[in-house]
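Novice: Letter by letter, the chains look like this.
There are 2 protein chains.
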Amino acid sequence: MKVSQLFGKTLKDAPKDVENRTAAQMIRAGYIDQTGAGIYTFLPLGHRVLEKINTIIREEMDAIDGQEILMPALHPASLWKTTGRWDVDVMYKTKSQTGQDYGLGWTHEEIVTPLAKKFINSYKDLPKSVYQIQVKFRDEIRAKSGLLRTREFIMKDMYSFHSDNADLDKYYEKVKQAYVKILDRLGIKDKTYLTYASGGDFSKYSHEYQTLIEAGEDIIYVCDKCKLAVNNEIIDEIKGCPECGNKDLKEKKASETANIFKLGNRFTEAFGFKYLDKEGVQQIPVMGCYGFGPSRAMGTVAEALSDDKGLVWPDEIAPYRVYLLSIGEEAFQEASKLSDELEKAGVEVLFDDTNDSAGEKFARADLLGIPVRITVSPKTLETGGFEYKKRTGENSEIVPEDSIIEKIKNG
Amino acid sequence: MKVSQLFGKTLKDAPKDVENRTAAQMIRAGYIDQTGAGIYTFLPLGHRVLEKINTIIREEMDAIDGQEILMPALHPASLWKTTGRWDVDVMYKTKSQTGQDYGLGWTHEEIVTPLAKKFINSYKDLPKSVYQIQVKFRDEIRAKSGLLRTREFIMKDMYSFHSDNADLDKYYEKVKQAYVKILDRLGIKDKTYLTYASGGDFSKYSHEYQTLIEAGEDIIYVCDKCKLAVNNEIIDEIKGCPECGNKDLKEKKASETANIFKLGNRFTEAFGFKYLDKEGVQQIPVMGCYGFGPSRAMGTVAEALSDDKGLVWPDEIAPYRVYLLSIGEEAFQEASKLSDELEKAGVEVLFDDTNDSAGEKFARADLLGIPVRITVSPKTLETGGFEYKKRTGENSEIVPEDSIIEKIKNG
Numbered sequence: 001m002k003v004s005q006l007f008g009k010t011l012k013d014a015p016k017d018v019e020n021r022t023a024a025q026m027i028r029a030g031y032i033d034q035t036g037a038g039i040y041t042f043l044p045l046g047h048r049v050l051e052k053i054n055t056i057i058r059e060e061m062d063a064i065d066g067q068e069i070l071m072p073a074l075h076p077a078s079l080w081k082t083t084g085r086w087d088v089d090v091m092y093k094t095k096s097q098t099g100q101d102y103g104l105g106w107t108h109e110e111i112v113t114p115l116a117k118k119f120i121n122s123y124k125d126l127p128k129s130v131y132q133i134q135v136k137f138r139d140e141i142r143a144k145s146g147l148l149r150t151r152e153f154i155m156k157d158m159y160s161f162h163s164d165n166a167d168l169d170k171y172y173e174k175v176k177q178a179y180v181k182i183l184d185r186l187g188i189k190d191k192t193y194l195t196y197a198s199g200g201d202f203s204k205y206s207h208e209y210q211t212l213i214e215a216g217e218d219i220i221y222v223c224d225k226c227k228l229a230v231n232n233e234i235i236d237e238i239k240g241c242p243e244c245g246n247k248d249l250k251e252k253k254a255s256e257t258a259n260i261f262k263l264g265n266r267f268t269e270a271f272g273f274k275y276l277d278k279e280g281v282q283q284i285p286v287m288g289c290y291g292f293g294p295s296r297a298m299g300t301v302a303e304a305l306s307d308d309k310g311l312v313w314p315d316e317i318a319p320y321r322v323y324l325l326s327i328g329e330e331a332f333q334e335a336s337k338l339s340d341e342l343e344k345a346g347v348e349v350l351f352d353d354t355n356d357s358a359g360e361k362f363a364r365a366d367l368l369g370i371p372v373r374i375t376v377s378p379k380t381l382e383t384g385g386f387e388y389k390k391r392t393g394e395n396s397e398i399v400p401e402d403s404i405i406e407k408i409k410n411g
Numbered sequence: 001m002k003v004s005q006l007f008g009k010t011l012k013d014a015p016k017d018v019e020n021r022t023a024a025q026m027i028r029a030g031y032i033d034q035t036g037a038g039i040y041t042f043l044p045l046g047h048r049v050l051e052k053i054n055t056i057i058r059e060e061m062d063a064i065d066g067q068e069i070l071m072p073a074l075h076p077a078s079l080w081k082t083t084g085r086w087d088v089d090v091m092y093k094t095k096s097q098t099g100q101d102y103g104l105g106w107t108h109e110e111i112v113t114p115l116a117k118k119f120i121n122s123y124k125d126l127p128k129s130v131y132q133i134q135v136k137f138r139d140e141i142r143a144k145s146g147l148l149r150t151r152e153f154i155m156k157d158m159y160s161f162h163s164d165n166a167d168l169d170k171y172y173e174k175v176k177q178a179y180v181k182i183l184d185r186l187g188i189k190d191k192t193y194l195t196y197a198s199g200g201d202f203s204k205y206s207h208e209y210q211t212l213i214e215a216g217e218d219i220i221y222v223c224d225k226c227k228l229a230v231n232n233e234i235i236d237e238i239k240g241c242p243e244c245g246n247k248d249l250k251e252k253k254a255s256e257t258a259n260i261f262k263l264g265n266r267f268t269e270a271f272g273f274k275y276l277d278k279e280g281v282q283q284i285p286v287m288g289c290y291g292f293g294p295s296r297a298m299g300t301v302a303e304a305l306s307d308d309k310g311l312v313w314p315d316e317i318a319p320y321r322v323y324l325l326s327i328g329e330e331a332f333q334e335a336s337k338l339s340d341e342l343e344k345a346g347v348e349v350l351f352d353d354t355n356d357s358a359g360e361k362f363a364r365a366d367l368l369g370i371p372v373r374i375t376v377s378p379k380t381l382e383t384g385g386f387e388y389k390k391r392t393g394e395n396s397e398i399v400p401e402d403s404i405i406e407k408i409k410n411g
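If you read the sequences in order, they're chains A and B. Counting from 1, position 206 in the first sequence corresponds to residue 206 in the numbering used here; the numbering is continuous, with no gaps. Counting from 1, position 222 in the second sequence corresponds to residue 222 in the numbering used here; the numbering is continuous, with no gaps.
Hints listed in this document are in silico derivations from the structure and should not be mistaken for laboratory results. This list has only true hints and no planted wrong ones.
The calculated EDC-like cross-link candidates involving lysine to aspartate or glutamate, where the alpha carbons are at most 16 Å apart (straight line), are:
no., chain 1, residue 1, chain 2, residue 2
1, A, Lys407, A, Asp315
2, A, Lys191, A, Asp218
3, A, Lys2, B, Asp62
4, A, Lys95, B, Asp89
5, A, Lys118, B, Asp13
6, B, Lys144, B, Glu217
7, B, Lys2, A, Asp62
8, B, Lys95, A, Asp101
Here the structure is a predicted model, which means the values were calculated and not measured.
Put together the whole structure using the sequences plus the hints.
Specialist: Structure below.
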């Protein structure tokens, strides 16, 4: 892809009404655009990042036998009245021409539970786990922090169904491992803490994955020994590390990247969902639910890894692998050739073919945060090579023409 | 994937409240589930079909320089008031806790036009073409015909921006060619007619791609000579084939699979969107818009190709390539082995590992409409092979064990 052709331009100035540092960077860099307060468009660069995050999440959910489905966003009111949650204030509501009331989905227990009830009749049908990656809506009074708190967002929500709590517990641990793999691939594993939080109506505790970032809206208390944390909302009740009893917990600002809940029979009971056990006796299945928001994760990764110069994307979710730029006319021809060769070799490359100055191109490369920058200039051509620099590295090096692809692929 | 593990079961009976034949088949076969009138969930099988349709559309849009983005579904009212379309009755509306009014997107001119205005300032920035594959909502008074007329659906909508009408015309023809490729890959090219329709407020005519199916809600008049058609809504005005003047047009029932519109400056003007031409003079760009609904296309393909026994999916969008079943205990072991081997060879296989009778398994294979059925039985094992049958073929044949993978791959 050529920078001149890309839909979405690098803007000279940071947008004025965006207080979040990395949201401003993403807007300036042409990753996202603010359609309204808390409502964003993903431009081609941002869409590529989002899709790569989705792919990672899909792979890890598939690996633990999650089956992908797609549920609707428009929810008939009757389903929410069944569980007594129709009046939750974060739900947008709409009345149709036909008089029917609908809520816009901010979570999907009310859809997935009666759905699973149709297909799960016997212990032989259990366990089952389904997930979707889908748009969700929340009527937030204050949208803020860029992609961290929005009125419309993309969510991966998974729901599992089990014959009993022991089976749920086993699967719950599997999901924990899968989430650590996702966090690792997103480059935020080290900054993210498994955090004990309130279980709400459903169970004693739930678990959150809290990532340490300055823009975070949550306060957590970290136990350095166990790499665990406790959410502010239950710290008075729990009073120390739930694992080792350590009272010396450190207060930190963090943002919730994911959460997992044991729902027990809260929803299965409400929908009269039963299965026949081995003895032919009717039992109520128990559920778990597991959220991971790709669009919020994009914002969190940006917050956690970016610097003053701009964004820094980890290899697996960067929109392109290489940012290629040239200085001078002759170098432009060489860079064009290299761009074609890289594409042929399956390397995703964004070629800065603009007439901007070298300084502007270097600044854009830093702002966009693509992992590898390749510069072609009269100086590098003299040496028969190209300048190779990692976004996260201090130094650059000259790499000969015939080994540049290998260098890009293997670092 | 094993049938016993699949989320979504073959139902014994057709659902009672679904009047559309293939929607009933898709529900019985576990492809979709009706969450509410005109609101569906895509189960794992249906989700695979939908994703494959999306992939085909993406590939063909990328091939004509469409750039993928993702716009929001929640639209601030102010944007729709700018174009005077806030009061369109098919738009669901919601008022937030903050007092702000939103509409749910049923089309995206009101979002994409001010977006493009931010990035297109000069003739050098033109042309540009962006698309998204996204959920849309329509407050339909009567939802019917399964996936053909729903209140929530998936839509690919592309918007192009041009310096003048000549450039728009050129791109419009490119999109036509891309759409024919998509229709071909979906297996409905032969049944689909480029159809002249009303241009609405925007231009004299628009074009629809109308597919001949019994459940179709539209009436079109087909010119056999030109493989063109005219929509009922303009037949009185146009009175014959717009290409050859032929007055002997044939009346047919059809369903709109896609549509393309020249929007002219209807939206660019409303949003005060201008660019500087080569002479430095401000001009208003013109737009085209190009819809193709993946979820409706899924319903249309089902309607166009299925038979009384069940669904028939073309190779490129079938959820699996092979439906594998066995008869008897020994054959089950062999089938399990074959299933593993196929998966290793990269062949998508759905293995019917249930205890159902041979008759039930054959009926399920026909209902699900997967392109190739492989049967392992004592009889086939005696011959050292497997029974191979195409869903669309009358006859089966025995294929030796060592050439079965090649046979599946090459047909």
